[in-house]
Amino acid sequence: MIKQILISDPTLRDGNHAVAHQLSAKQIAIYSTAAEKAGVPIVEVGHGNGLGASSMQVGLSLVDDVTMLETARRHLFKSKLGIHVIPGFATIKRDLMRALEIGVDVVRVASHCTEADITQRHLGFVREKGKEAYGVLMMSHMASGSVLVEEAQKMEHYGAEGIIIMDSAGAYLPSDVEEKITALVNGLKVPVGFHAHNNLGMAIANSITAIESGAKILDGTARGFGAGAGNAQLEVLIAVLERMGYITGIDLYKILDASDIAEKEVMPSIPVIKSESIISGLSGVFSGFAKHVTRISKEYDVDQRDVYQELGKRKVVGGQEDIIIEVVMDLVRNRK
Amino acid sequence: MITEAMVNLVFEDCRKSCTNIDIFSALQGQSILVTGGTGFMGKWIAEMISYINATRSYNIQLCLLGRDIQRFKDEVPHLAEKEFIALIEQDVRNIHDLPENINYIIHAAGSPDNREHASQPLRMIETFYKGTQAVLDASTRLSDLKNIVHISSHQVYGENDSQLLINEEYLGRLKSDSINHTYAEAKRITETLCSVYRSHFKLPIILMRPFAFIGPYQDLEKPWAINNFIRDGILGESIRILGNGQTTRSYLYASDMAFWILTALISGKTGESYNLGSKNSITLEDLANKVRSSLNNNIEIITKSSKSIYTNFTRLVPDTSKIVKAFNVDETHSLDDSIKRTIVWNQLNRSKF
Chain F
1 MIKQILISDP
11 TLRDGNHAVA
21 HQLSAKQIAI
31 YSTAAEKAGV
41 PIVEVGHGNG
51 LGASSMQVGL
61 SLVDDVTMLE
71 TARRHLFKSK
81 LGIHVIPGFA
91 TIKRDLMRAL
101 EIGVDVVRVA
111 SHCTEADITQ
121 RHLGFVREKG
131 KEAYGVLMMS
141 HMASGSVLVE
151 EAQKMEHYGA
161 EGIIIMDSAG
171 AYLPSDVEEK
181 ITALVNGLKV
191 PVGFHAHNNL
201 GMAIANSITA
211 IESGAKILDG
221 TARGFGAGAG
231 NAQLEVLIAV
241 LERMGYITGI
251 DLYKILDASD
261 IAEKEVMPSI
271 PVIKSESIIS
281 GLSGVFSGFA
291 KHVTRISKEY
301 DVDQRDVYQE
311 LGKRKVVGGQ
321 EDIIIEVVMD
331 LVRNRK
Chain V
337 MITEAMVNLV
347 FEDCRKSCTN
357 IDIFSALQGQ
367 SILVTGGTGF
377 MGKWIAEMIS
387 YINATRSYNI
397 QLCLLGRDIQ
407 RFKDEVPHLA
417 EKEFIALIEQ
427 DVRNIHDLPE
437 NINYIIHAAG
447 SPDNREHASQ
457 PLRMIETFYK
467 GTQAVLDAST
477 RLSDLKNIVH
487 ISSHQVYGEN
497 DSQLLINEEY
507 LGRLKSDSIN
517 HTYAEAKRIT
527 ETLCSVYRSH
537 FKLPIILMRP
547 FAFIGPYQDL
557 EKPWAINNFI
567 RDGILGESIR
577 ILGNGQTTRS
587 YLYASDMAFW
597 ILTALISGKT
607 GESYNLGSKN
617 SITLEDLANK
627 VRSSLNNNIE
637 IITKSSKSIY
647 TNFTRLVPDT
657 SKIVKAFNVD
667 ETHSLDDSIK
677 RTIVWNQLNR
687 SKF
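So the sequences go chain by chain: F and V. Per this note's numbering, the first sequence starts with residue 1, numbered consecutively. Per this note's numbering, the second sequence starts with residue 337, numbered consecutively.
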């Protein structure tokens, strides 16, 4: 039996979180070229929170969506150009239509793990245009396996050709991944995917557990470049998958080259698991909050770890970045 | 925007499917109400009546009830302007009184679109339950009512893991505590309502359980395999089989569907249930290949599935022997022909492609 795994590479999207959305057009061009050479099937590009998300609330990107997508499009030929879309940030008329006109091939429509209903129109629009549409359930550690199956089934009804669950907080252990992926594979018709974060050092192990449990799609980024402690490190993932006999279509040497290029040209520093990232993972807080938490905590001289713990208690999700300042102010008041 | 060529294609379809036009003399001067009258089924009923009235001077009157009449007028102006068609804009849940001259009712209100069921299950249940009760209540006050066809669904049979064709007595697996069976359970309660009104109020009601259809007026955006295969094929994109390619379905052409419903309306026996669909089964893999052949191109066919190996597959194909024997109806359009005509009709619709 052929063990084929579809790899999607969000280095130029999730990695944007790691640099406060400051990736330049030149960096996008350089990495797209390297990923294309390596045979990466899908290269995901954009603001960390996806299409249309550049804003004061979650961070302004250095270059606009159109420039990012047009730049990547010019350098991707066999590799498909993918985008991350959260309804609410991205509108169909203003953002999605334009993105498809630019030549986006793959659209991953994402929602919080219990709010799949909001993806219906966006998924429908993408399928109507004949493009590839996937559903993404973010912060999936916050829902049980059975709830994830029901939400994923909605996305399947809306036209999603695959469902990816995100460990947005890097909170999973392999046993969690096995339980949830198995439930999804049994409950869905379409392929299941997994997007890891590395807060607890489990990104590669969790990704492998996902495919051993039946997942067919994995996300990975060069050097793990992504929000918080980063993602599953793509070049490691490809090496491990090769060793295990899985086929990805990606050339190992060339993806090693691409990651070297990314380290030199794209990322100011390689993601590491910082102390606060460990607490963030244990607390189940969205990795995309890391930059905001660090900045605001420093400004008010509070311990980041306390902020993460409190955010975890409040079950804050992506898009609620404004709660961080509330939490910090509460900590300041309590200190007095 | 509908063109003359599209109208002509549909008219020819009706001519082919209407294998016995003389039976419709029973409807001469009669009035038929169709709830959900502006949808796929309603449009085809209107097309078939239009063909019959144009071919014979039966002057059958049609009253189409729907929630968005303006949309109907925009989509099918050639039907909306017919003198024998009256349009009523109303939510089926709010029906109180029906026009007094109604002799026949086809209750087809409620969307079979599973995207809506997933997003708005409570509204769907309410539409089926309250809508059906409202129609049946109003029917009890009609002085010259001759027959009601209640359009149910094949989903009332539950899941079918066997190789057998589904007959009207089949009982499959249904879980009332599963969100996935909401539509099926809602349809089942409408069938029970029909039984109560038939028993207590002596309403003449027959049940029809539709399976899958294909043809003009079926929105290619609907989330069903054949629609999506045809849409992606026309767009020149790869055809994607989602799930098990050995899943088996069957497809009745739309004009045959309309003829069978109208025949049942005249001749159906109160209290009986009839399957409405094609007996000719096909796997999704074979269907995708047929669509590609019909389009005469080399687009890719991709299977996307959560599982690598399947130990079983679903088969939703009706045993149609009861309806064929009862009404002497037959499938007049082969699947190849159905696919080709659907493609041609949609390609004529230049505003969409």
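No lab work stands behind these hints: they were computed from the structure. Think of the CB as a built atom: it goes at the ideal place given N, C-alpha and C, for glycine as much as any other residue. Don't take each hint at face value.
[To be verified] Away from chain V, derived, C-beta distances all over 12 Å, residues of chain F:
{"#": "1", "residue": "Thr91"}
{"#": "2", "residue": "Leu123"}
{"#": "3", "residue": "Glu150"}
{"#": "4", "residue": "Lys216"}
{"#": "5", "residue": "Ile217"}
[As the list claims (entries may be wrong)] Computed spacing ranges between beta-carbons, pair by pair:
{"#": "6", "chain 1": "V", "residue 1": "Ile515", "chain 2": "F", "residue 2": "Lys93", "range": "29 to 37 Å"}
{"#": "7", "chain 1": "F", "residue 1": "Gln57", "chain 2": "V", "residue 2": "Gln499", "range": "40 to 48 Å"}
{"#": "8", "chain 1": "F", "residue 1": "Lys93", "chain 2": "V", "residue 2": "Asn437", "range": "44 to 52 Å"}
{"#": "9", "chain 1": "F", "residue 1": "Thr91", "chain 2": "V", "residue 2": "Asp358", "range": "49 to 57 Å"}
{"#": "10", "chain 1": "V", "residue 1": "Pro457", "chain 2": "F", "residue 2": "Gln57", "range": "14 to 22 Å"}
{"#": "11", "chain 1": "V", "residue 1": "Val532", "chain 2": "F", "residue 2": "Asp105", "range": "47 to 55 Å"}
{"#": "12", "chain 1": "V", "residue 1": "Pro413", "chain 2": "F", "residue 2": "Ile118", "range": "33 to 41 Å"}
{"#": "13", "chain 1": "V", "residue 1": "Asp673", "chain 2": "F", "residue 2": "Glu179", "range": "47 to 55 Å"}
{"#": "14", "chain 1": "F", "residue 1": "Gly245", "chain 2": "V", "residue 2": "Leu500", "range": "36 to 44 Å"}
{"#": "15", "chain 1": "V", "residue 1": "Arg509", "chain 2": "F", "residue 2": "Gln57", "range": "25 to 33 Å"}
{"#": "16", "chain 1": "V", "residue 1": "Arg392", "chain 2": "F", "residue 2": "Asp105", "range": "30 to 38 Å"}
{"#": "17", "chain 1": "V", "residue 1": "Pro457", "chain 2": "F", "residue 2": "Glu128", "range": "20 to 28 Å"}
{"#": "18", "chain 1": "F", "residue 1": "Glu212", "chain 2": "V", "residue 2": "Pro413", "range": "57 to 65 Å"}
Practice task
Could you check the hint for me, namely that isoleucine 515/V and lysine 93/F are 29 to 37 Å apart, CB to CB?
Solution key: 31 Å, holds
Problem - Hint check for aspartate 105/F and valine 532/V - Cβ pair distance inside 47 to 55 Å - result: Because 54 Å falls inside the window, the suggested range holds.
Handout entry: leucine 500/V and glycine 245/F - C-beta distance against the hinted 36 to 44 Å
Key = With Cβ atoms ~40 Å apart, the hint holds.
Problem - Outcome for the supplied range 40 to 48 Å, where the beta carbon pair is glutamine 57/F and glutamine 499/V - result: For glutamine 57/F and glutamine 499/V the Cβ distance comes to about 56 Å; the hint is violated.
Practice task
Can you let me know if the beta-carbon spacing of glutamate 212/F and proline 413/V is within 57 to 65 Å?
Solution key: 58 Å, holds
Problem - Range hint compliance [Cβ, proline 413/V to isoleucine 118/F, 33 to 41 Å] - result: Check passed, 35 Å falls within 33 to 41 Å.
Handout entry: Distal placement of glutamate 150/F relative to chain V, Cβ over 12 Å
Key = 6 Å, violated
Practice task
Find the nearest Cβ of chain V to the Cβ of lysine 216/F and say whether that gap is larger than 12 Å.
Solution key: 8 Å, violated
Exercise for the section: Evaluate the given range 30 to 38 Å for the C-beta pair formed by arginine 392/V and aspartate 105/F. Expected result: Violated, at about 54 Å.
Practice task
Check the following: the C-beta atoms of proline 457/V and glutamate 128/F are separated by a distance inside 20 to 28 Å.
Solution key: At 23 Å between Cβs, range holds.
Practice task
With 12 Å as the threshold, tell me whether threonine 91/F passes as away from chain V on beta-carbon distances.
Solution key: The assertion about threonine 91/F holds, with a minimum of 19 Å to chain V.
Exercise for the section: Taking the shortest Cβ-to-Cβ distance between leucine 123/F and chain V, state whether it exceeds 12 Å. Expected result: 9 Å, violated
Comparing the model with each earlier hint shows violations of hints 2, 3, 4, 5, 7, 10, 15 and 16; every other hint is respected.
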